[in-house]
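> As a plain string of letters, each chain reads:
There are 2 protein chains.
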Amino acid sequence: MRTIDWKDESNSVVLVDQTLLPKEYRIIECKTLSSLCEAIKSLRIRGAPALGAAGGFGIALAAFLSEAKDIETITRDLEVAGKTLKSTRPTAVNLSWGVDRVLRAISDAFDVQGVRDIALQEAKDIAEEDVAINKLIGKYGAKLLKDGDTVLTHCNAGRLACVDWGTALGVARSAIAEGKEIKVIACETRPLNQGSRITTWELMQDNIPVTLISDSMAGWAMRQGLVDSVLVGADRITQDVVFNKIGTYSLSILAKEHEIPFYVAAPISTFDFDGWEGSVKIEMRNPDELRFFGSEQLAPKDVEVYNPAFDATPMENITAVITEKGIFYPPFLLDEVLV
Amino acid sequence: MRTIDWKDESNSVVLVDQTLLPKEYRIIECKTLSSLCEAIKSLRIRGAPALGAAGGFGIALAAFLSEAKDIETITRDLEVAGKTLKSTRPTAVNLSWGVDRVLRAISDAFDVQGVRDIALQEAKDIAEEDVAINKLIGKYGAKLLKDGDTVLTHCNAGRLACVDWGTALGVARSAIAEGKEIKVIACETRPLNQGSRITTWELMQDNIPVTLISDSMAGWAMRQGLVDSVLVGADRITQDVVFNKIGTYSLSILAKEHEIPFYVAAPISTFDFDGWEGSVKIEMRNPDELRFFGSEQLAPKDVEVYNPAFDATPMENITAVITEKGIFYPPFLLDEVLV
Chain X
223 MRTIDWKDES NSVVLVDQTL LPKEYRIIEC KTLSSLCEAI KSLRIRGAPA
273 LGAAGGFGIA LAAFLSEAKD IETITRDLEV AGKTLKSTRP TAVNLSWGVD
323 RVLRAISDAF DVQGVRDIAL QEAKDIAEED VAINKLIGKY GAKLLKDGDT
373 VLTHCNAGRL ACVDWGTALG VARSAIAEGK EIKVIACETR PLNQGSRITT
423 WELMQDNIPV TLISDSMAGW AMRQGLVDSV LVGADRITQD VVFNKIGTYS
473 LSILAKEHEI PFYVAAPIST FDFDGWEGSV KIEMRNPDEL RFFGSEQLAP
523 KDVEVYNPAF DATPMENITA VITEKGIFYP PFLLDEVLV
Chain Z
223 MRTIDWKDES NSVVLVDQTL LPKEYRIIEC KTLSSLCEAI KSLRIRGAPA
273 LGAAGGFGIA LAAFLSEAKD IETITRDLEV AGKTLKSTRP TAVNLSWGVD
323 RVLRAISDAF DVQGVRDIAL QEAKDIAEED VAINKLIGKY GAKLLKDGDT
373 VLTHCNAGRL ACVDWGTALG VARSAIAEGK EIKVIACETR PLNQGSRITT
423 WELMQDNIPV TLISDSMAGW AMRQGLVDSV LVGADRITQD VVFNKIGTYS
473 LSILAKEHEI PFYVAAPIST FDFDGWEGSV KIEMRNPDEL RFFGSEQLAP
523 KDVEVYNPAF DATPMENITA VITEKGIFYP PFLLDEVLV
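Listed in order, the protein sequences are those of chains X and Z.
In terms of the numbering used here, the first sequence is residues 223 to 561.
In terms of the numbering used here, the second sequence is residues 223 to 561.
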């Protein structure tokens with residue numbers, strides 16, 4: 223099933239609980255707004271595109287749960303629900319975007335049932351559009367992969383970060399759908415191991431050959447000739463750099479040294495047309511992520527830790543940016559994608 | 223205390239149990255050969271120089287435990303003990319070297335007590351020489367570090383890999399002993415986390431400022447201007463490359479890209495005068511090291527894994543090799559160090 227979806231029979235939101243992977247594949251059904259909020263807060267669902275859909279479906283869920291008898295009351299209920307949803311991950315831009323898009327759509331409704339219908343349709347549209355965008359990214363990106371290629375990827379830019387298909391992993395899926403043989407090397411992606419926990423799992427589910435390495439092995443794998451291209455997603459793309467999971471910048475230098483193409487696959491919603499490397503503050507995460515893994519202690523409890531969540535890769539290290547509007551080769555102006 | 227030492231009061235070998243670090247600092251006392259063998263086998267003591275001393279002290283221990291009444295019998299006892307010791311880590315060159323050096327020395331003895339005295343003296347000499355060599359490496363290497371420098375290191379090339387002082391970390395210690403302010407950035411060193419578990423611990427014990435990062439953060443830390451030099455140890459140095467813990471090669475490329483000096487600190491016993499990159503087979507370790515950390519599952523149990531124990535860094539990526547005979551700048555012939 224999709225990472226997140228609507229269940230018509232019970233008017234509820236269903237999603238894959240990613241905190242249990244790879245040990246257990248469990249679908250959870252959110253019948254109340256608070257259970258959906260809990261799922262977002264505790265990262266049972268994560269990834270920018272997936273959170274956009276979660277925001278949309280959250281408003282639809284609130285519309286079906288509202289006992290309002292008139293349009294003013296249900297509109298007020300949904301605005302409250304929107305605030306509650308947004309507060310679960312205040313910095314997740316896509317979550318707010320999904321909430322607001324559905325809230326804007328319901329202004330076309332004439333009655334309570336109309337609000338429900340429109341909210342649900344708009345939420346479903348967000349999810350469908352996300353899949354369609356990923357399929358387009360995949361279609362364009364697949365041209366860059368040759369039959370027999372091995373692509374190295376970092377973190378999880380796969381279907382579990384989206385509604386379905388994925389961005390970076392979507393490109394690999396599209397190439398495979400075209401009949402090419404593609405293998406993937408997944409960097410484990412310390413400290414939260416999205417590569418080992420999620421990327422490997424979702425590729426194995428689809429019978430796509432995947433080999434797990436530690437982040438420190440990427441350079442050596444390239445020197446051994448095991449890597450044909452690097453393919454990653456993006457958190458935010460400015461005119462000068464691509465912000466993505468910490469470790470992406472190092473991979474771009476290692477790829478350059480070994481003359482391996484370095485591709486970024488991301489929807490245009492990731493573009494920050496007015497931003498620059500210097501305008502973005504990189505979030506520092508909890509030091510305990512490097513001191514512990516679950517119940518296991520990895521380091522002295524009071525050791526000083528440097529733990530930036532992401533890094534910035536200069537455009538000159540990037541061979542191409544793959545979007546739903548086509549492939550763009552740096553240097554290019556972000557505005558060109560809109561033409 | 224030292225990583226490994228002899229206790230005169232009880233004629234036993236004492237060592238720091240490194241499997242318990244950083245949670246617990248415990249000294250274990252080996253009064254029997256089998257307890258010392260168990261300590262070596264289960265990595266309570268590790269690191270090439272430290273294992274050389276363990277081999278020497280092991281033969282001394284066997285000499286004191288032997289109930290032989292004549293020199294032929296004790297010699298036979300010690301040869302058996304030597305085989306037992308070597309079998310605990312058959313690929314550890316230094317362990318065999320320590321055993322054989324003491325076995326050779328006892329041929330000068332005239333009686334059983336003489337065997338015991340000579341064996342113990344030779345074992346103590348091995349340990350003392352190891353410390354002296356590290357201090358010389360430190361003395362030469364310290365010249366390369368400036369007051370206020372931050373050095374980035376990988377794995378553990380510290381006193382816990384040696385009898386005392388350390389190679390790469392010994393250089394930092396020597397610079398600090400000369401009055402320079404030196405800070406260390408320790409890469410956690412996946413998959414076995416010697417950086418987070420051991421390097422941070424031993425530096426914190428000595429009040430040397432240390433910051434822990436994941437291996438994937440090294441490039442970004444360099445780009446942020448946080449690193450003045452990279453300083454690592456070596457497992458084996460051939461004419462063309464330096465074999466060291468997996469991840470070292472990537473660091474050498476990242477350092478080159480950021481124009482940061484890349485130093486290798488190692489005793490001449492690490493030199494393989496006849497070896498080349500192609501003549502050394504890199505050991506592939508257990509895939510479970512990337513699938514689990516202790517009791518925590520990191521990845522699908524049956525995921526394919528690439529897990530080389532070490533990599534090879536070409537001499538052209540190395541700024542200098544620091545030995546007890548001085549500093550050598552590539553390109554140089556290994557034989558030059560013997561002149």
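No lab work stands behind these hints, which were simulated from the structure alone.
Please note that the accuracy of each hint is not assured.
For chains that are exact copies, the list does not tell them apart, and a pair is met inside one copy or across any two.
[Unchecked claim] Derived DSS-like pairs (lysine-lysine); straight-line CA-CA distance at most 27 angstroms: (1) 405 / 503; (2) 245 / 547; (3) 523 / 405; (4) 253 / 523; (5) 245 / 478.
> Under the constraints set out in the numbered hints, which ones does this structure not fulfil?
2, 4, 5
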